[in-house]
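Participant: Could you put together the complete structure from these sequences and hints?
The primary structure of each chain is shown beneath.
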Amino acid sequence: MAQIPGMIKGLAVTFNTMMRTFKNGSNTVQYPREKEAPPIRARGVIALHEDNCTSCMLCSRSCPDWCIYIEAHKELAPPRREGGKPRAVNKLDRFDIDYALCMYCGICVEVCPFDALFWSPEYEYSEPSIADLLHDKSKLGEWMETVPAAPELEVGADKKKK
Amino acid sequence: MVNQLSSPAETTPVVDTVRDQVLADVQATLGAVVVDSLVKPGDDMWIRVSTLSWNESMKKLQAMGFDYFCFLSAIDWMPSPYGRGEDDPTEPAPERDTTIRPGYTGGDTRMQLLVRLVNSRTHVGINVKTDVPNEVYTVDSIANVFAGANWHEREAHEMFGIGFVGHPDLRNMYLPTDFEGFPMRKDFPLLARMVKPWPGIVDVEPLPGGDAESEEAS
Amino acid sequence: MLSLLAVEIPYWGQSLLRVLGGLVAVLLPAGTIVYVFLFKMMSFMQSRLGPMEAGPYGSMQLFAEVGKWLQKEDIQPDNADKRIFRMAPIVVLMSTFLLVAVVPFGPDAWFTDFETGVFYALAVSSISVLGILMAGWSSANKYSLLGGLRAAGQLIAYELPMVLAVIGVVIQAETMNLQQIVVAQNAGSIFGSDIVGNPYVLTQFVGFVVFMIAVQAELTQAPFDMPIAESELVSGYMTEYSGFRFLIFFIGEFATAGVFAMIASTLFLGGWGVPFSWFGWTTMDSVDNWMNVAGPLIVFTKMMVLVFLIMWIRFSYPRFREDQLQRFAWKVLIPISLANIMVTAVLKVAF
Amino acid sequence: MTILNDPVSAKLGDRAQLSYIASQAADARLNVELETEGMTLNIGPQHPATHGTLRIIARLDGEQVLWAEPSCGYMHRGYEKLTEVRSFPQVTSLINRIDWLGSFANEVPFILAAEKLMGVEAPPRAQWIRTILFELSRIANVSLFLGDLGVQLGAITPVFMAFRDREYVLNLIESATGGRFHPNFDRIGGLKDDLPAGWIDETKVVMKKLRNFCDEIESLLFGNEIFQSRTRGIGVIPRDVAMQYGLSGANLRASGVDWDLRRDQDSSMAWNKVDFKVWTHPDGDSFARCWVRLQETREATKIVDQLLDGIPAGPVMAKVPKIIKVPEGEAWVSTENPLGEMGYYVVSRGDSGPFRVKIRSASFNNISITPWLLRGVYVPDIITILASLYFILGDIDR
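Chains as they are written, first to last, in my numbering: chain A, 229 to 390; chain B, 687 to 904; chain C, 86 to 436; chain D, -8 to 389.
There could be a bad hint or two in this list.
To be verified - Simulated crosslink set (BS3-like; lysine-lysine; CA at most 27 Å straight-line):
hint: 1; chain 1: A; residue 1: LYS251; chain 2: A; residue 2: LYS237
hint: 2; chain 1: C; residue 1: LYS167; chain 2: A; residue 2: LYS237
hint: 3; chain 1: D; residue 1: LYS349; chain 2: A; residue 2: LYS237
hint: 4; chain 1: A; residue 1: LYS319; chain 2: D; residue 2: LYS313
hint: 5; chain 1: B; residue 1: LYS872; chain 2: D; residue 2: LYS316
hint: 6; chain 1: A; residue 1: LYS263; chain 2: D; residue 2: LYS200
hint: 7; chain 1: B; residue 1: LYS726; chain 2: D; residue 2: LYS199
hint: 8; chain 1: D; residue 1: LYS293; chain 2: A; residue 2: LYS263
hint: 9; chain 1: D; residue 1: LYS72; chain 2: B; residue 2: LYS882
hint: 10; chain 1: B; residue 1: LYS882; chain 2: A; residue 2: LYS319
hint: 11; chain 1: D; residue 1: LYS349; chain 2: B; residue 2: LYS872
hint: 12; chain 1: D; residue 1: LYS72; chain 2: B; residue 2: LYS872
hint: 13; chain 1: D; residue 1: LYS264; chain 2: A; residue 2: LYS251
hint: 14; chain 1: D; residue 1: LYS310; chain 2: D; residue 2: LYS268
hint: 15; chain 1: D; residue 1: LYS316; chain 2: B; residue 2: LYS726
hint: 16; chain 1: D; residue 1: LYS183; chain 2: D; residue 2: LYS268
hint: 17; chain 1: A; residue 1: LYS367; chain 2: B; residue 2: LYS882
hint: 18; chain 1: D; residue 1: LYS264; chain 2: D; residue 2: LYS310
hint: 19; chain 1: B; residue 1: LYS726; chain 2: D; residue 2: LYS195
hint: 20; chain 1: D; residue 1: LYS195; chain 2: A; residue 2: LYS251
hint: 21; chain 1: D; residue 1: LYS200; chain 2: A; residue 2: LYS251
hint: 22; chain 1: C; residue 1: LYS157; chain 2: C; residue 2: LYS167
hint: 23; chain 1: A; residue 1: LYS237; chain 2: D; residue 2: LYS264
hint: 24; chain 1: D; residue 1: LYS72; chain 2: D; residue 2: LYS264
hint: 25; chain 1: B; residue 1: LYS726; chain 2: B; residue 2: LYS746
hint: 26; chain 1: B; residue 1: LYS882; chain 2: A; residue 2: LYS365
hint: 27; chain 1: D; residue 1: LYS349; chain 2: B; residue 2: LYS745
hint: 28; chain 1: D; residue 1: LYS264; chain 2: B; residue 2: LYS726
hint: 29; chain 1: A; residue 1: LYS367; chain 2: A; residue 2: LYS263
hint: 30; chain 1: B; residue 1: LYS746; chain 2: D; residue 2: LYS349
hint: 31; chain 1: A; residue 1: LYS263; chain 2: D; residue 2: LYS199
hint: 32; chain 1: D; residue 1: LYS313; chain 2: D; residue 2: LYS264
hint: 33; chain 1: D; residue 1: LYS293; chain 2: D; residue 2: LYS195
hint: 34; chain 1: A; residue 1: LYS237; chain 2: D; residue 2: LYS310
Stated by the list, open to error - Listed below are several chain A residues computed to face chain C (Cβ distance under 7 Å; list not exhaustive):
hint: 35; residue: LEU239
hint: 36; residue: THR249
hint: 37; residue: ASN252
Since the hints were derived computationally from the structure, they do not count as laboratory data.
Only a predicted model underlies this, so the values are computations on that prediction, with no experimental measurement involved.
C-beta atoms are modelled at their ideal positions from N, C-alpha and C, and glycine is treated no differently.
Facilitator: Encoded structure:
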């Protein structure tokens, strides 16, 4: 029958794949021991640079999921110049992101006018209890060291941005 | 390339001969049934037909070449009395303007049906609207014209509470059978936005005894 | 096997040895098949490694799985016909054990030496249909019922081409004793050349193909896995089974694959024997004793080759529809095997 | 040849006529009192063939379906309502989740509609990158379909091949946008960011791999006679029925309608800058639908290749005010998404958020034909037909 070749070809495909896996290894990685590095831009976890935060509430207000909770108070800080008046600055009391609610859309990082929020590609922070997914400002601050520098842009990109 | 922000009113009006011609044809076919019409050159066209001849005009439109049924839906033109749920629950609810203001091609009622048909040969689409009578919220079904409207009408039925006369099977599609209320109506509150206060309401606590002038520092 | 032991063994001892031997002959191939083909070959065909954690290269995975299954809760549906529900997996596995009883592993290494071994094997193999039908019916589940009925229809339809395909072998070997069939193949010759003996895969190639297709269907492996059909019937007759009852089905599936492959290798590939001309043997009696040790290994190797074919096809093909399968059995396979019988008979008489 | 003296069947081909007869017979048997009781089979909500939670209630006579009715709503999230309480930038992150396999493609029509209302147009570089990402999400989506098709039909290997090669595409999307499944990369007036360095070369390599994948799937699945006998002549949708039900995408093109919004619609996207073939198939059966999708995946890799060579230099963001308020008006924009025509009817009231968004998703229309289509088929064919219609649950229920 002229029908045979289609089925034989199918067998050849699986056989070739098997041989390729023998020769070149598999396409999967043994996760806990081998890890694939996520790309620089990967949205893994949000890191907070607390010194930059002025508690302007923009991130909290633009969050589509209402998962950023900020509390702050005003405080007198020493003046910038000698002999100046003491300045009133906003001091963060609480900056929580509830990762159980977060959709990882990145709007908060984008709207932040003072570069206080960053994306880090870190992804291993699952918790056995859902309440532990609420990261407070110290935990968010710890993620800062995993934040990579922004990648180089492709040819033809408008470099003047930012 | 238009890079600047410019409102649609400022763009130079273009004459869209194709759509004007189609509109003329539609008006000729449907006659006085067309209450209002609008052509946005190079963009799209809208007509509003009278409620009583809804089914009839669909048949005529299908016969004149608009044979592709794209979607059917409804619009509740009453602005929501709840806003976005970003109010402070401790304060009294703010007054919101809930006057009904229809969109393109006007309208006399709160609810409007919207159907989009496309001519499969010329690929010109047309948005057909019709008023849904207030309080009664009932129109003729068009499931016998476009079989695909069947599910869309079921959806509109459960979401907006619009009855479709002559629809074969107006069961709920998405909601439980005993669900009360019509979720897509604007006066149906979105509970997810009611059960907890907006985190954005919170403001920075002022300095104890501090004055308002020192705000500029931040 | 027994004559290897010089000592006289009482009857209960012989029986015990036979039971142990049967367990080994069924479970060892089953375990090997699961590991080599299900875990590793399938994974490699899909560009992945398969289980790697339990034991070196995941070789102990099956034991881990068995341990897991044994720990699981034994769930029986409320409306199930409980007694039949419990019996069904055992009936399925039983047919496998009964089947292995007639497979010869060496000149003296056999469990039973049936004069009508072929007849017996084909009869016993259809007992599993009963078990599957019982499982499908007693589960009180529509998917199971559909699966069970599909299985019944399918297995009965494929029983026939299988029987008819074997008849060619029986005609050629002039015996229904599997041991004799092995001898006939290895001592035989094709057109005077006895360099490879006369494995019936060469002279009975059509019969071999039909037999293997029927085996594929009997084992309910893709492309004939409609009774299981994960994507339609959600495992068909096995839907309601969990824990160790599922384990029995699972072992049964692969053990049966192994045993059927053994029978196929006995019927078509020369079984435990090597071509007798290599060592200057002529008859059964002149075969050296060491074949009793080498024989099982040879059968095992041939079985693995055949199971590789079965599994390779299983992992590559989509499945038929039930009616297409029936049509294929009745309109294609059965006429072909009938023609095969006719040609074989004519040639047998002619030569 | 006309088997039935019937106006509907007269228009159909032979194969279509046979399936039409089967469906008519099913109707007839449903209407007369049955001597046997028949059986109602619930396929789903949790069932491997419904990839998601679709439930199909099928009335069976033996294995033949007399009557079948999908029951949706297990994943209804009320996106149309949710958009009303969100601002325009927030909506994008939401509608990502409608068709979760080709997320980026969901954002585009909405953003285009908002841009239309605002009178903004994204700079050319943004349009090209948008189009590339759009096609990449099509490849990611449809390649999974091709693998999944195998699973639905009982072949287990294709799906792993699909996962293997889709991974490359997802990596590309992630390295460009940061989001693997939900990019949220499209902005009113352009894109969030430019591409990272080296992305173009990487994409070209991946496109070669994907074409190879298409070849493998073709010989593994489409060339297989069992596959063909399972899909050919099954679930035939004639042209006019497809039109009435508003089918779109490959389902419509498999019924012989030569209509692709990428080609036939004015759009600021870069599709008119490349040449590609719109594949159609005259049969309208399951095989035709699958085959058209396979060809479209191939075509998409070629589109991406062509676009990569011609990305213009420049900014990726037009000048847009920081706080977006969209002027009053109504706009409809639809694009040719992986699943079919996806469109948004956006009504704005000059607010920062939309007043009403009607989401016209492809799967809702595509699946609404099933009660008509499933009459008279066998149980395994339900699976084939559903697989070939290709729906994503999030796209049906929204």
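Participant: Now look at each hint and say whether the structure bears it out.
Facilitator: Here is how each hint holds up against the structure:
1. A:LYS251 - A:LYS237: holds (21 Å)
2. C:LYS167 - A:LYS237: Answer violated: C:LYS167 to A:LYS237 is near 46 Å, above 27 Å.
3. D:LYS349 - A:LYS237: violated (47 Å)
4. A:LYS319 - D:LYS313: Status holds; Cα separation ~26 Å.
5. B:LYS872 - D:LYS316: Given pair B:LYS872, D:LYS316 holds - Cα atoms ~21 Å apart, limit 27 Å.
6. A:LYS263 - D:LYS200: holds (23 Å)
7. B:LYS726 - D:LYS199: Violated. B:LYS726 to D:LYS199 sits at ~43 Å, over the 27 Å cutoff.
8. D:LYS293 - A:LYS263: Roughly 32 Å between the alpha carbons, so the hint for D:LYS293 and A:LYS263 is violated.
9. D:LYS72 - B:LYS882: holds (18 Å)
10. B:LYS882 - A:LYS319: Holds, because 25 Å separates the two Cα atoms, which is no more than 27 Å.
11. D:LYS349 - B:LYS872: holds (14 Å)
12. D:LYS72 - B:LYS872: Holds. D:LYS72 to B:LYS872 sits at ~9 Å (cutoff 27 Å).
13. D:LYS264 - A:LYS251: violated (42 Å)
14. D:LYS310 - D:LYS268: Measuring from Cα to Cα gives roughly 35 Å; hence the hint is violated.
15. D:LYS316 - B:LYS726: holds (21 Å)
16. D:LYS183 - D:LYS268: violated (31 Å)
17. A:LYS367 - B:LYS882: Given pair A:LYS367, B:LYS882 holds - Cα atoms ~25 Å apart, limit 27 Å.
18. D:LYS264 - D:LYS310: At roughly 24 Å apart (the allowed maximum being 27 Å), D:LYS310 and D:LYS264 satisfy the hint.
19. B:LYS726 - D:LYS195: Cα-Cα ~40 Å, so violated.
20. D:LYS195 - A:LYS251: holds (24 Å)
21. D:LYS200 - A:LYS251: holds (18 Å)
22. C:LYS157 - C:LYS167: holds (18 Å)
23. A:LYS237 - D:LYS264: violated (37 Å)
24. D:LYS72 - D:LYS264: Measuring from Cα to Cα gives roughly 37 Å; hence the hint is violated.
25. B:LYS726 - B:LYS746: holds (23 Å)
26. B:LYS882 - A:LYS365: At roughly 22 Å apart (the allowed maximum being 27 Å), A:LYS365 and B:LYS882 satisfy the hint.
27. D:LYS349 - B:LYS745: Holds, at roughly 24 Å.
28. D:LYS264 - B:LYS726: holds (25 Å)
29. A:LYS367 - A:LYS263: Holds - the C-alpha atoms of A:LYS263 and A:LYS367 are around 23 Å apart, at most 27 Å.
30. B:LYS746 - D:LYS349: holds (25 Å)
31. A:LYS263 - D:LYS199: With Cα atoms ~25 Å apart, A:LYS263 and D:LYS199 stay inside 27 Å; holds.
32. D:LYS313 - D:LYS264: Given pair D:LYS313, D:LYS264 is violated - Cα atoms ~31 Å apart, limit 27 Å.
33. D:LYS293 - D:LYS195: holds (10 Å)
34. A:LYS237 - D:LYS310: violated (55 Å)
35. LEU239: holds (5 Å)
36. THR249: holds (4 Å)
37. ASN252: Hint on A:ASN252: violated, closest Cβ of chain C at ~9 Å, above 7 Å.
The earlier numbered hints that this structure contradicts are 2, 3, 7, 8, 13, 14, 16, 19, 23, 24, 32, 34 and 37.
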